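Now for the letters of each chain:
2 protein chains.
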Amino acid sequence: MTTTDVKAYGTGAPDADLSQMTIKRRDVNPKDVEIAILYCGVCHSDLHFARNDWGMTQYPVVPGHEIVGKVTRVGNEVSKYNIGDIVAVGCLVDSCRSCNNCKNDLEQYCPEWVGTYGGYDKFLNAPTHGGYSQGIVVDEDFVLRVPENLDLAGIAPVLCAGITTWSPLRHWNVNEHSKVAVVGLGGLGHMAIKLAHALGAQVTLFSRSPNKTQNAIDLGADNVIISTNETEMEQAAGQFDLIIDTVPYVHDLNPYIGTLNTNGTLVVVGYLGPLDPMLVTVPMIMGRKSVAGSLIGGIAETQELLDFCGKHNITSEVEVINIQDINSAYERMLKSDVHYRFVIDMNSL
Amino acid sequence: MTTTDVKAYGTGAPDADLSQMTIKRRDVNPKDVEIAILYCGVCHSDLHFARNDWGMTQYPVVPGHEIVGKVTRVGNEVSKYNIGDIVAVGCLVDSCRSCNNCKNDLEQYCPEWVGTYGGYDKFLNAPTHGGYSQGIVVDEDFVLRVPENLDLAGIAPVLCAGITTWSPLRHWNVNEHSKVAVVGLGGLGHMAIKLAHALGAQVTLFSRSPNKTQNAIDLGADNVIISTNETEMEQAAGQFDLIIDTVPYVHDLNPYIGTLNTNGTLVVVGYLGPLDPMLVTVPMIMGRKSVAGSLIGGIAETQELLDFCGKHNITSEVEVINIQDINSAYERMLKSDVHYRFVIDMNSL
Chain A
483 MTTTDVKAYG
493 TGAPDADLSQ
503 MTIKRRDVNP
513 KDVEIAILYC
523 GVCHSDLHFA
533 RNDWGMTQYP
543 VVPGHEIVGK
553 VTRVGNEVSK
563 YNIGDIVAVG
573 CLVDSCRSCN
583 NCKNDLEQYC
593 PEWVGTYGGY
603 DKFLNAPTHG
613 GYSQGIVVDE
623 DFVLRVPENL
633 DLAGIAPVLC
643 AGITTWSPLR
653 HWNVNEHSKV
663 AVVGLGGLGH
673 MAIKLAHALG
683 AQVTLFSRSP
693 NKTQNAIDLG
703 ADNVIISTNE
713 TEMEQAAGQF
723 DLIIDTVPYV
733 HDLNPYIGTL
743 NTNGTLVVVG
753 YLGPLDPMLV
763 TVPMIMGRKS
773 VAGSLIGGIA
783 ETQELLDFCG
793 KHNITSEVEV
803 INIQDINSAY
813 ERMLKSDVHY
823 RFVIDMNSL
Chain B
483 MTTTDVKAYG
493 TGAPDADLSQ
503 MTIKRRDVNP
513 KDVEIAILYC
523 GVCHSDLHFA
533 RNDWGMTQYP
543 VVPGHEIVGK
553 VTRVGNEVSK
563 YNIGDIVAVG
573 CLVDSCRSCN
583 NCKNDLEQYC
593 PEWVGTYGGY
603 DKFLNAPTHG
613 GYSQGIVVDE
623 DFVLRVPENL
633 DLAGIAPVLC
643 AGITTWSPLR
653 HWNVNEHSKV
663 AVVGLGGLGH
673 MAIKLAHALG
683 AQVTLFSRSP
693 NKTQNAIDLG
703 ADNVIISTNE
713 TEMEQAAGQF
723 DLIIDTVPYV
733 HDLNPYIGTL
743 NTNGTLVVVG
753 YLGPLDPMLV
763 TVPMIMGRKS
773 VAGSLIGGIA
783 ETQELLDFCG
793 KHNITSEVEV
803 INIQDINSAY
813 ERMLKSDVHY
823 RFVIDMNSL
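Line order of the protein sequences matches chains A and B. Going by our numbering, the first residue of the first sequence is number 483, and it counts up by one from there. Going by our numbering, the first residue of the second sequence is number 483, and it counts up by one from there.
Since the hints were derived computationally from the structure, they do not count as laboratory data. Just so it is clear, the structure is predicted and the values come from calculations on it, not from any experiment. The beta carbon of each residue, even a glycine, is placed where N, CA and C say it ideally should be. There could be a bad hint or two in this list.
[Said to hold, decoys possible] Listed next, the in silico DMTMM-like pairs over lysine to aspartate or glutamate satisfying Cα-Cα at most 25 Å (straight line):
#, chain 1, residue 1, chain 2, residue 2
1, A, 604, A, 509
2, A, 585, B, 658
3, B, 585, A, 658
4, B, 585, A, 716
5, A, 552, A, 801
6, A, 585, B, 716
[Said to hold, decoys possible] Covered stretches of chain A, as calculated for chain B (at least 3 residues, CB under 8 Å):
#, region
7, 761-768
8, 803-815
[To be verified] To give a feel for the contact side, a few chain B residues facing chain A, derived at Cβ under 7 Å:
#, residue
9, 606
10, 766
11, 767
12, 769
Could you put together the complete structure from these sequences and hints?
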């Protein structure tokens, strides 16, 4: 098939910096939308994937799955989008569409879902490449509509950091009667606070650093608990209906389980590495408590979130960078030196 | 207050056999029911408590919390029971009655719940003593009604083994569309199979021993998976909505998590010891799977179960013993040499 060359930023080896390269995008199929990328958020997964931290990377890799752009071309069977529309693409660009998960709008749990990068493009017969690029071609069923009132750079992280926290908030029925806690104040954590607050919940941040307290309050938290302070942790016993744990490295879940209410759930969304915590089950039994995992969200749920953000005027707090700054941005991310998400202005490419 | 001496079977030290002793029961308060005990089931907890395996036993201890008996006396404010009624008492004989858990019929999660043995009797100012005895005095709010059609020895284990598996079956909404798996075929496991089958679910037993297959089918299982057979385990991937894990010792939960469907839950009900499994969270994240704990059930839920057993003619499979055989029964329990629950005929005392 015919292809289009586009400029991109990626890497050919785990220890090499990202740099400019040219990649191929497939031609526009009847159901495809071609998008000129305006902004792309920078997720921790991008860094892990570029550096092969999970041992599954095929090189060259072009990261990026928090994509906002403008429609430049549509296939002749596309019904939802027109040229000029502002649209978004998240972590998924395809799935099998026939399994029970796909039928239930849970494409993120389809065993054959295709990642925006590191997946497999059946038309190109090649790995998919992500949003650190000028343009992308995606089936309209995996393209999302962006509310017109929102800042386009600020909406990009909603496509991964946002939906990753929104999906458990919705699945576990968070509402104005809920007490929600968030562990960690990074890209995911700050979105979890904003979204839980907008859903009417009482929101607490668990943090190791007292100097994040004012930031958390400004984002919508009602309270901050310093997780290294045993007295504060004891006073929080039995409080929370849902804890969203966004911490992206191995850590002990057990102290947080003590702060769950009867029937409460701690949901892990941030840590995807190979080593995992020892769980003490007795306190779980003594209050019918659960530990769960949750992965991003489905397409319909992501559109629901974008619409919710439009209605409540919610975007991510971002630091906009040029693509040439991506390698130093990765280093700053590793030091948690970002409030709260880097977003690449793709005009810089 | 006045007390009544009753014969009982208990022990004064962790390494001593159980033997006959005399204990005091409180006089009948206005809301109390006095019960002549006919049968008492033998739970693993009895053994652990008698031997101080959990480090919390106060001696002397009289175990037993699967009690069936006949009402012999009622206080002048008792409204639910009359002399001669066949009644039951489970693991709880009191709770605070004012916390949210108590208000929500979840007395088992009340921080101040009073165990049938090893609890604290505020009227006697002394530890509570269990059902290995001639009689017991219990507030009517913690007394249950036994359906008339059921075998009285067979109903005793329903009070702990039964409710411990019933409560998660109900909480996680098991019905005729559910696929349920049970880990372990002991006192709890065999009740889990019977109850899940009676709720209309498709039921699978996970077992290490192929020679339990026919027993499981006879109890109502549709299928048995040998958990040490990797091929069988792989074929079971992604199947179950709920797994009830009844295994009473440390074991690896991770292989079972692979057999959960999206949104599935593995609930631990059997293991209450101090050491716990390492949990690999990635497969949980990749299917929004949960690991939960669950503890017995509330009073209303236990009555619901007894009524369900009456309607479906369900009792436990039991081996009736004399109280003088309790020490050898404990030894046989440790070797899993029981099908599936010992029940003491208290006339032997």
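For this session: Below or equal to 25 Å on CA atoms is what counts here, so check residue 552(A) against residue 801(A).
Result: holds (21 Å)
Exercise. Measuring from the C-beta of residue 769(B) to each C-beta in chain A, is the shortest one below 7 Å?
Worked result: Holds, because the Cβ-Cβ distance from residue 769(B) to chain A comes to roughly 5 Å (cut-off 7 Å).
For this session: For the hint on residue 606(B), just tell me whether its beta-carbon gets within less than 7 Å of chain A.
Result: violated (26 Å)
Exercise. Do three or more residues of the region 803-815 of chain A come closer than 8 Å to chain B, measuring C-beta to C-beta?
Worked result: violated (count 0)
Exercise. Taking the least C-beta to C-beta distance, is residue 766(B) closer than 7 Å to chain A?
Worked result: holds (3 Å)
Exercise. Would the pair residue 585(B) and residue 658(A) pass a check requiring their Cα atoms to be no farther apart than 25 Å?
Worked result: holds (21 Å)
For this session: Mind checking the alpha carbons of residue 585(B) and residue 716(A) for me, to see if they're no more than 25 Å apart?
Result: holds (24 Å)
Exercise. Within the assertion that chain B covers the region 761-768 of chain A, do at least three residues meet a Cβ-to-Cβ distance smaller than 8 Å?
Worked result: holds (count 8)
Problem set entry | Satisfaction of hint between residue 509(A) and residue 604(A), Cα-Cα up to 25 Å | Holds: residue 604(A) and residue 509(A) sit about 12 Å apart, inside 25 Å.
Problem set entry | 25 Å Cα cutoff - pair residue 585(A), residue 658(B) | Within the cut-off at roughly 21 Å; holds.
Exercise. Taking the closest Cβ pair, is residue 767(B) under 7 Å from chain A?
Worked result: At 3 Å from the nearest chain A Cβ, residue 767(B) passes the 7 Å test, so the hint holds.
For this session: Assess, step by step, whether the Cα of residue 585(A) is no farther than 25 Å from the Cα of residue 716(B), and give holds or violated.
Result: Roughly 24 Å between the alpha carbons, so the hint for residue 585(A) and residue 716(B) holds.
In summary, the structure is inconsistent with hints 8, 9 from the numbered list given earlier, while agreeing with the others.
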